[in-house]
Amino acid sequence: MTSSEHGLHLREFTVRIGRQRLFHIPELTVRGGTVVGLAGESGSGKTMLLRLAASLSTAAQTTGHCEVAGRIGYIPQDLTASLSPYRPVLEQVAMLAESHEDAVAMLARLGLGSGRLLAAYPHQLSGGERQRVLIAQALVLSPDLILADEPTSQLDAAWEQVVLTLLLEAAREGRAVLFASHREELFQQLGCSVYRLSDPTPPLPPVASRVRAERVLEVQDASKAYATRWWTQAARERIPALDRVSLAIHAGETVALVGPSGAGKSTLARCIARRERLDTGRIVAGRIVAGDTQRPWRSAVQLVSQEPSESLNPRLTVAACLAEASVPETGRWLERLGLPASILARRVTALSEGQRARVALARSLSVLEDGGLLILDESLSGLDDATRAVVWRQIAAMQAQSGMGCLLITHDAKLAAQVAGRVVRLEAGRASC
Amino acid sequence: MLNFYVRRLAAALWQIGAASLLCFLLFHIVPGDYYSAELYQPQANPAQVAAARHAAGLDLPWYSQYGAWVASCWAGEGGRSLAYQTPALPLVAARLGPTLQIALPALAGAWCLGLALGLVAARQRWLILAAEPLAVTLLLVPDAVAISLLLWLAVWLGWPVSGAGLPRWGVLASLLPVVFLHASGGLWQAADLPFVQLARSRGVQGWRLWRRLILPAAASPLVSLAGLTVAQAIGSAMLVEMLTGWPGLGPLFLESVQARDYPVVLVVILLLAAIMAVANLVADLALYQLDPRIREPQ
Numbered sequence: 000m001t002s003s004e005h006g007l008h009l010r011e012f013t014v015r016i017g018r019q020r021l022f023h024i025p026e027l028t029v030r031g032g033t034v035v036g037l038a039g040e041s042g043s044g045k046t047m048l049l050r051l052a053a054s055l056s057t058a059a060q061t062t063g064h065c066e067v068a069g070r071i072g073y074i075p076q077d078l079t080a081s082l083s084p085y086r087p088v089l090e091q092v093a094m095l096a097e098s099h100e101d102a103v104a105m106l107a108r109l110g111l112g113s114g115r116l117l118a119a120y121p122h123q124l125s126g127g128e129r130q131r132v133l134i135a136q137a138l139v140l141s142p143d144l145i146l147a148d149e150p151t152s153q154l155d156a157a158w159e160q161v162v163l164t165l166l167l168e169a170a171r172e173g174r175a176v177l178f179a180s181h182r183e184e185l186f187q188q189l190g191c192s193v194y195r196l197s198d199p200t201p202p203l204p205p206v207a208s209r210v211r212a213e214r215v216l217e218v219q220d221a222s223k224a225y226a227t228r229w230w231t232q233a234a235r236e237r238i239p240a241l242d243r244v245s246l247a248i249h250a251g252e253t254v255a256l257v258g259p260s261g262a263g264k265s266t267l268a269r270c271i272a273r274r275e276r277l278d279t280g281r282i283v284a285g286r287i288v289a290g291d292t293q294r295p296w297r298s299a300v301q302l303v304s305q306e307p308s309e310s311l312n313p314r315l316t317v318a319a320c321l322a323e324a325s326v327p328e329t330g331r332w333l334e335r336l337g338l339p340a341s342i343l344a345r346r347v348t349a350l351s352e353g354q355r356a357r358v359a360l361a362r363s364l365s366v367l368e369d370g371g372l373l374i375l376d377e378s379l380s381g382l383d384d385a386t387r388a389v390v391w392r393q394i395a396a397m398q399a400q401s402g403m404g405c406l407l408i409t410h411d412a413k414l415a416a417q418v419a420g421r422v423v424r425l426e427a428g429r430a431s432c
Numbered sequence: 000m001l002n003f004y005v006r007r008l009a010a011a012l013w014q015i016g017a018a019s020l021l022c023f024l025l026f027h028i029v030p031g032d033y034y035s036a037e038l039y040q041p042q043a044n045p046a047q048v049a050a051a052r053h054a055a056g057l058d059l060p061w062y063s064q065y066g067a068w069v070a071s072c073w074a075g076e077g078g079r080s081l082a083y084q085t086p087a088l089p090l091v092a093a094r095l096g097p098t099l100q101i102a103l104p105a106l107a108g109a110w111c112l113g114l115a116l117g118l119v120a121a122r123q124r125w126l127i128l129a130a131e132p133l134a135v136t137l138l139l140v141p142d143a144v145a146i147s148l149l150l151w152l153a154v155w156l157g158w159p160v161s162g163a164g165l166p167r168w169g170v171l172a173s174l175l176p177v178v179f180l181h182a183s184g185g186l187w188q189a190a191d192l193p194f195v196q197l198a199r200s201r202g203v204q205g206w207r208l209w210r211r212l213i214l215p216a217a218a219s220p221l222v223s224l225a226g227l228t229v230a231q232a233i234g235s236a237m238l239v240e241m242l243t244g245w246p247g248l249g250p251l252f253l254e255s256v257q258a259r260d261y262p263v264v265l266v267v268i269l270l271l272a273a274i275m276a277v278a279n280l281v282a283d284l285a286l287y288q289l290d291p292r293i294r295e296p297q
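In the order they appear, the protein sequences are chains W and P. Numbering that gives the first Met the number 0 puts the first residue of the first sequence at 0, with every later residue one more than the last. Numbering that gives the first Met the number 0 puts the first residue of the second sequence at 0, with every later residue one more than the last.
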């Protein structure tokens, strides 16, 4: 089936965007039966390299030698645009598989075997479930070369293990695996060699934060239910998302909100940011009561969402995106988050996921007034450790300086333990400390 | 689902009702009426005119007139034509058949041809570059000019000028570029969507790729357009009828406007509004079926 000749071979491979050189690879080989990790800071070109190897269109010009042998299974990073919204999940996997049964079996291995999930459309799935569909799609092709782009970014620890095991199994069957990630511990778990697209920068010392007495957020008995059909409000047709949640955040404090997929974490974030309404309960941020007009609210609460790129208009340049929120001193904000001022002129679509996340964050931070609340909904999961340290330093500095509060929604227990003073668990719509 | 139907139907009825009131008020505001138009017997003296106005109820306040008209609609008459002195609705309804004889085959033809050409052009992209200037040119030529050119061409080539053939081709020519441009553009865009590119790179090809991924993604805007082109087909058919003398709604409408026979004009407009509302309703329901994001709960 597969042999050691299958795989990827790059020699003196250079990638440019316009006149700027993105990266240069003297030599990189991924043979059948091996796993190679692809590391690099946010924006170093990990996704670009995988897309080029999968012969998908990019904005880059390349020189040098790139040889791909065998069938490719590419697992894309973008969870929204990579699946057709018009077809059920099973069909989208089955159209790539040899048989219908193969597709069902693969989805079942990834925990998507129930009838409800098989018949579901992508918009009905959570981010983690969509990511597993994309993995199933790539694996049912029985590929000789697997190109995995951050394939566990939306998964909790248990599913992350399942996916890593699947990839190791694939390597044992003789397939070649190139695994791009910004998380070093995943490479250790895979026990693979690592190719670095950029040198890691040493982390900066943390800024000490100080929690003050006054509160920046108070959520009292917040409840919300979704109608199963959009036109009905009848109680029997409603699925509870939040069930009498109470939560308070003090100025300068960071609270981590953790819990399994579908527990209502994003719903709570969206309600606090007023993207959605509560059914009952009260949310107070600063001195503003929920139900007032929209204008002061955005300076009190800012939400950077799960897929930050979706909150940036793809037609605009970075400068125009920041100008939308009338950000003063744009260059300085980007610099603080570790982005060069030169990206101001670039289009949002030409940035990497990690860079886009930081642009969205810069816009949110600049809008917040003193004593505001920043909500990060998995928005930093696309960043490597060094970049994340830079970003956290900036957030911590603002917390110390202006008493900003931060609500951090994450699957990453390590990150939660590092930066949060308090961890709140949300399970089936109920909060516990 | 049933609730969705009922809501949309109620909205359509409300739209037609509102349109009738607006048109009625508009005609009321415009100075003059049937009896002051030039076409009314020139030898009639003012006393006779006033008596005729009174007999037709035109001296009543507008709301009484509107009420009387609504009541007459309820009775299936739609007011009385002042020129023909018969109920307006049967008069108009009799002309609807011939108009649909022109509009519907032309509509069906334009969609079949436009979609087929669009599909071919989206797969062979150089064809779009070749066909687009032609389609845009056709689009820019006013319908009246296009029909006149077509008439002239028919006479020159010795084609039959009477009958339904020529008007049908005329309407088809006015619809085809719209359908073609939207179909080719929409399919082209859909064929470049990220999930389509991904499937293509994974070896999904040909008809399977088109049927499962590209066509569903391109369908929604085309269905909305289909609803709109029904109204365009009828409007364009009416114009063609005026130019070729086909006995449809067009000549009746023109004649009624010139004579200020407002009851007839009103009924024609409302009939068009009703057809448009129904077409949009059908398009909405089709969209509901086509897009799982609307159909399926989150």
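It is worth saying that the hints were derived from the structure and are not from the lab. No residue lacks a Cβ here, since even glycine has one placed at the ideal position from N, Cα and C. Where hints are given, some of them may not hold.
With the Cβ distance kept under 8 angstroms, some of the chain W side facing chain P (calculated, not the full set) [said to hold, decoys possible]:
| # | residue |
| --- | --- |
| 1 | SER56 |
| 2 | LEU82 |
| 3 | ARG86 |
| 4 | LEU140 |
| 5 | ILE342 |
Covered by chain W, per the in silico footprint, the following chain P stretches (three or more residues, Cβ under 8 angstroms) [said to hold, decoys possible]:
| # | stretch |
| --- | --- |
| 6 | 15–23 |
| 7 | 245–253 |
Pair by pair, the computed Cβ-Cβ distance ranges are [as the list claims (entries may be wrong)]:
| # | chain 1 | residue 1 | chain 2 | residue 2 | range |
| --- | --- | --- | --- | --- | --- |
| 8 | W | THR79 | P | GLN14 | 31 to 41 angstroms |
| 9 | W | ASP155 | P | TYR4 | 48 to 58 angstroms |
| 10 | W | GLU4 | P | GLN204 | 17 to 27 angstroms |
| 11 | P | PRO89 | W | SER125 | 53 to 63 angstroms |
| 12 | P | PRO220 | W | THR79 | 14 to 24 angstroms |
| 13 | W | ARG276 | P | GLY56 | 31 to 41 angstroms |
| 14 | P | PRO220 | W | VAL366 | 32 to 42 angstroms |
| 15 | W | SER98 | P | ARG292 | 23 to 33 angstroms |
| 16 | W | ARG276 | P | SER147 | 57 to 67 angstroms |
Going down the list of hints, with the structure as the test:
1. A least Cβ separation of about 7 angstroms between SER56 of chain W and chain P falls short of the 8 angstroms threshold, and the interface hint therefore holds.
2. Interface restraint check: LEU82 of chain W against chain P, minimum CB-CB distance 6 angstroms, threshold 8 angstroms, status holds.
3. The beta carbon of ARG86 of chain W comes within 6 angstroms of a beta carbon in chain P, closer than 8 angstroms, and the hint placing it at the interface holds.
4. Checking LEU140 of chain W against chain P by beta carbon gives a least distance of about 6 angstroms; that is within 8 angstroms, so the hint holds.
5. Interface hint at ILE342 of chain W: violated, since its Cβ lies 22 angstroms from the closest Cβ of chain P, which is beyond the 8 angstroms cut-off.
6. With 0 residues bearing a CB less than 8 angstroms from a CB of chain W, the stretch 15–23 of chain P misses the requirement of three and the coverage assertion fails.
7. Proximity of the stretch 245–253 of chain P to chain W, defined as three or more residues with a beta carbon under 8 angstroms from a beta carbon of that chain, is not established by the 0 residues found.
8. The hinted range of 31 to 41 angstroms is satisfied by THR79 of chain W and GLN14 of chain P, whose Cβ atoms lie roughly 35 angstroms apart.
9. Roughly 42 angstroms separates the CB atoms of ASP155 of chain W and TYR4 of chain P, a value that falls outside the hinted 48 to 58 angstroms.
10. Range check, GLU4 of chain W to GLN204 of chain P: Cβ separation about 25 angstroms, and the 17 to 27 angstroms hint holds.
11. A beta carbon spacing of about 60 angstroms between PRO89 of chain P and SER125 of chain W agrees with the range 53 to 63 angstroms that was offered as a hint.
12. At about 20 angstroms, the beta-carbon gap between PRO220 of chain P and THR79 of chain W stays in the expected band of 14 to 24 angstroms.
13. Range check, ARG276 of chain W to GLY56 of chain P: Cβ separation about 52 angstroms, and the 31 to 41 angstroms hint is violated.
14. Our hint of 32 to 42 angstroms for PRO220 of chain P and VAL366 of chain W holds, since their Cβ atoms are close to 35 angstroms apart.
15. The beta-carbon spacing between SER98 of chain W and ARG292 of chain P, approximately 29 angstroms, falls within the hinted interval of 23 to 33 angstroms.
16. The given range of 57 to 67 angstroms is respected by ARG276 of chain W and SER147 of chain P, whose C-beta atoms sit roughly 58 angstroms from each other.
Comparing the model with each earlier hint shows violations of hints 5, 6, 7, 9, 13; every other hint is respected.
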